[in-house]
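> Single-letter residue listing:
There are 4 protein chains.
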Amino acid sequence: MKVLDHGYVTLVESWGNDERIIEAARMSTDKGFLGWGPNVCKHCKMRPDDFRAKDSCYNGPHEFTPGDEKLLAYLYRHKHMTPFEMAGMIIEVQAPIFVFREWHRHRTQSYNEMSARYIPLPDVNYMPTTERLMLNAGERNRQASSHQGMMCEANADVFQKQLDQAYYQAQSVYSAALSNGVPKELARLILPVGRYSRMRASANLRNWLQFLTLRMDVAAQWEIQQYANAVAELISNKFPRTYELFKS
Amino acid sequence: MKVLDHGYVTLVESWGNDERIIEAARMSTDKGFLGWGPNVCKHCKMRPDDFRAKDSCYNGPHEFTPGDEKLLAYLYRHKHMTPFEMAGMIIEVQAPIFVFREWHRHRTQSYNEMSARYIPLPDVNYMPTTERLMLNAGERNRQASSHQGMMCEANADVFQKQLDQAYYQAQSVYSAALSNGVPKELARLILPVGRYSRMRASANLRNWLQFLTLRMDVAAQWEIQQYANAVAELISNKFPRTYELFKS
Amino acid sequence: MKVLDHGYVTLVESWGNDERIIEAARMSTDKGFLGWGPNVCKHCKMRPDDFRAKDSCYNGPHEFTPGDEKLLAYLYRHKHMTPFEMAGMIIEVQAPIFVFREWHRHRTQSYNEMSARYIPLPDVNYMPTTERLMLNAGERNRQASSHQGMMCEANADVFQKQLDQAYYQAQSVYSAALSNGVPKELARLILPVGRYSRMRASANLRNWLQFLTLRMDVAAQWEIQQYANAVAELISNKFPRTYELFKS
Amino acid sequence: MKVLDHGYVTLVESWGNDERIIEAARMSTDKGFLGWGPNVCKHCKMRPDDFRAKDSCYNGPHEFTPGDEKLLAYLYRHKHMTPFEMAGMIIEVQAPIFVFREWHRHRTQSYNEMSARYIPLPDVNYMPTTERLMLNAGERNRQASSHQGMMCEANADVFQKQLDQAYYQAQSVYSAALSNGVPKELARLILPVGRYSRMRASANLRNWLQFLTLRMDVAAQWEIQQYANAVAELISNKFPRTYELFKS
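Residue numbers (numbering that gives the first Met the number 0), protein chains in the order written: chain A, 0 to 247; chain B, 0 to 247; chain C, 0 to 247; chain D, 0 to 247.
Because the hints were derived from the structure by calculation, they are not lab data.
Here the structure is a predicted model, which means the values were calculated and not measured.
Among these hints, one or two may not hold up.
One copy or any two copies: either way a pair holds, since identical chains are not told apart in the list.
Unchecked claim - Here are the simulated EDC-like cross-link-like pairs (lysine to aspartate or glutamate), alpha carbons at most 16 Å apart as the crow flies:
# : residue 1 : residue 2
1 : K30       : E112
2 : K44       : E112
3 : K30       : E91
4 : K237      : E112
5 : K78       : D216
6 : K30       : E184
7 : K69       : E12
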């Protein structure tokens with residue numbers, strides 16, 4: 000799943016699913032997962048649309064109880080979040096260093112990242128589009144607002160050219176240093192935070208949802224929002240009922 | 000406490016102390032802190048050098064038990080580390096971004112860092128000395144070793160000059176971008192990981208010791224070792240007996 | 000601070016304060032704590048009620064900016080919680096085992112508890128009052144509701160007598176076992192979860208607030224609510240402005 | 000997998016495997032999993048026993064590099080543990096409450112436990128065998144040693160009888176209380192810590208190994224050692240190469 004100009008998010012592995020969350024929550028009452036769907040009779044577990052359904056069961060009239068999606072919703076809305084720790088996901092991500100700097104503040108995830116101490120980082124850098132650069136132009140956004148001047152397409156163009164040139168020069172110094180025997184761990188000093196790196200990240204579902212809450216928020220930087228959107232898509236594929244609750 | 004060319008580590012606040020650790024450990028047996036020093040009689044709590052000391056107490060001859068430094072040593076050596084969570088320290092640190100990138104992998108600390116989304120980062124950058132650049136020259140160190148060429152003073156000199164110039168150019172692009180209304184959060188793309196940032200970090204003593212274990216190690220990058228040494232000095236001031244055990 | 004019939008909560012130590020939280024948050028913009036109070040002029044830092052205050056300062060008319068309590072409120076309401084990790088508190092608690100069982104599910108706290116493996120637990124047990132036993136009588140509370148019968152004062156009385164007797168018998172078996180050489184770690188098998196134990200608990204302010212959120216809630220068991228109320232009082236003493244925000 | 004008289008440990012789900020750990024570790028150098036086995040040529044990736052193997056490859060003579068089990072061993076021995084966070088396991092456990100009390104001190108696991116607030120706990124209690132009761136008899140084990148008397152088979156017999164009777168009485172009071180409308184959350188006060196409960200627990204492999212380190216240790220109580228042994232067996236099935244390293 001492509002993100003920004005050279006980044007991606009890709010699923011390595013997931014575990015658990017929406018049913019598993021119900022099972023874990025039901026530990027407290029010693030029942031398991033009963034089934035999704037409209038509802039089941041609390042005596043005979045028969046559903047209203049079952050072909051064997053009559054007006055009554057061995058215990059008198061059917062008493063249809065809510066389907067397990069109601070328990071899932073109850074857990075989520077009342078913030079009983081520990082069952083959501085019984086599922087999770089490992090992903091691989093390529094993103095600029097400044098995005099990883101924000102990402103790594105999530106201390107409940109596990110990380111393994113490419114290291115410029117061990118290998119030269121490939122010469123891949125993030126170049127924001129003009130559209131992105133103009134995103135908040137004209138607004139009085141405290142965080143993203145201009146420092147002094149006023150953003151316009153001409154200025155965006157100038158910045159892109161200067162950034163491109165500066166990336167090029169940084170790479171020249173970097174590769175010259177490596178050729179001259181400067182240790183990798185010091186040659187990297189000049190690498191800009193716009194350079195791409197790569198990592199694997201693992202977390203349980205509860206913590207991924209917390210990541211999404213903070214990083215899909217409008218207050219988050221646009222770039223990490225794009226990554227959060229990609230993570231959200233993976234989650235909605237693997238845990239569709241939980242994701243539905245998250246979104247609503 | 001100065002570290003590298005423009006960095007520092009400074010104590011904001013600490014809590015607990017070596018005695019507090021003993022007290023916490025003694026919760027399990029419902030005793031408190033008894034005292035450092037050679038030893039005390041287990042019946043009358045008198046010490047051998049007490050002026051009232053005779054050969055015996057109300058319970059017969061004195062039975063001198065070990066001083067509490069022995070319990071501290073026992074806890075530490077047998078890895079009963081939870082009592083060491085009952086003390087801690089908050090520090091303020093100025094360090095290059097590449098050092099913070101390593102530091103922030105310690106997920107048991109709390110961080111508040113200066114943010115280039117909100118203010119322009121000051122133009123302060125890390126310049127390694129020739130001595131530092133030559134540190135592992137000639138060695139066959141897998142991590143730090145040269146990529147192709149062979150490190151020598153001439154090459155170190157070239158690198159310092161190029162790095163200085165590249166820092167200068169990055170700053171030119173950065174400040175021009177800010178002047179032209181490029182959002183701070185994007186102008187920063189060109190900032191090199193050698194630029195200094197600043198943060199506060201809080202952790203309990205157990206986790207600070209874990210930080211020292213990993214970052215004072217010879218396998219850690221020399222720069223973060225310098226910071227770890229500074230942190231170690233703060234710890235040895237505030238928790239001298241625990242630090243003694245850590246070092247030995 | 001007495002809680003239930005034989006329990007208590009007491010402050011061992013705290014660190015940080017409301018000002019320290021502001022300081023930590025201001026790391027991002029490189030300013031420190033500016034002061035509480037109505038507001039200050041953003042140019043000269045003078046307050047409206049300052050005796051030197053005139054209509055203007057060196058920069059023209061005063062522009063009064065909000066006092067730092069507004070930043071504190073902003074942080075809290077927008078869930079920027081990391082600055083609240085820069086303060087904390089260690090307490091000592093005596094509570095029944097079933098309360099500790101719930102308490103220890105808070106995995107961000109540090110614990111040191113009395114251990115029945117090492118010393119015999121004192122014969123102190125929790126006896127709920129009649130008022131407490133009747134608390135939800137008549138209600139259709141799913142959790143607390145009666146199993147079969149209907150709660151009334153006569154039944155409460157019977158339960159108290161039976162519980163008292165059962166506590167007594169458990170203690171008889173326990174002390175006989177200890178006298179007969181049964182290892183402490185096995186003699187304890189018969190100890191009821193109503194027996195008191197003791198611990199120290201440490202957490203940062205953010206995590207204490209999370210504890211309060213879950214345990215002062217009406218859905219929490221009444222007994223742990225009493226402990227949470229006691230913790231809340233300690234927090235309101237040490238961090239009055241933060242606690243005010245928590246409550247509102 | 001049966002543990003003690005009425006307990007069990009059973010695998011719910013695992014994720015990752017020994018290969019996945021290598022892949023995660025190789026993020027730092029941008030290579031993937033290369034293969035177990037004796038070794039491979041670092042140029043052509045051919046193995047010594049490959050039928051196409053000749054003395055040389057396109058790059059000159061073969062240079063056989065170590066198989067990935069050597070990297071796994073290197074990571075484990077040098078405590079590079081983050082790659083071991085990229086695998087994990089969810090289990091279901093039935094164990095006495097006093098075992099869960101120790102287990103839940105592992106704050107890096109996720110738990111969902113049966114709750115006596117919501118359902119009556121089944122009348123299943125732990126009865127130690129005579130052999131178990133005599134385990135440390137005669138020894139001077141500080142923790143497990145007798146309080147006053149001397150353990151012998153006669154005393155073990157007496158304890159078993161008294162414990163059995165006390166369990167019976169506790170259950171009588173419990174079920175009477177439930178019948179009389181005492182809230183479940185209070186009726187449970189009399190339940191002994193020898194009673195069985197049930198939970199699901201999830202952790203990554205690094206944290207499961209840490210659990211094993213502490214709980215397979217001779218200093219751990221014999222009962223939790225039995226559970227740790229069962230967990231170890233599940234781990235050795237799912238992560239055989241990692242477990243081999245743990246054991247050695």
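> For each hint, tell me whether it holds in the structure or not.
Here is what the structure says about each hint:
1. K30 - E112: between (41 Å within a copy, 12 Å between copies)
2. K44 - E112: neither (49 Å within a copy, 24 Å between copies)
3. K30 - E91: between (36 Å within a copy, 13 Å between copies)
4. K237 - E112: neither (24 Å within a copy, 25 Å between copies)
5. K78 - D216: Classified as between; 12 Å across copies, 19 Å inside a copy.
6. K30 - E184: neither (55 Å within a copy, 19 Å between copies)
7. K69 - E12: neither (28 Å within a copy, 24 Å between copies)
In this structure, the hints that do not hold are numbers 2, 4, 6, 7, in rising order.
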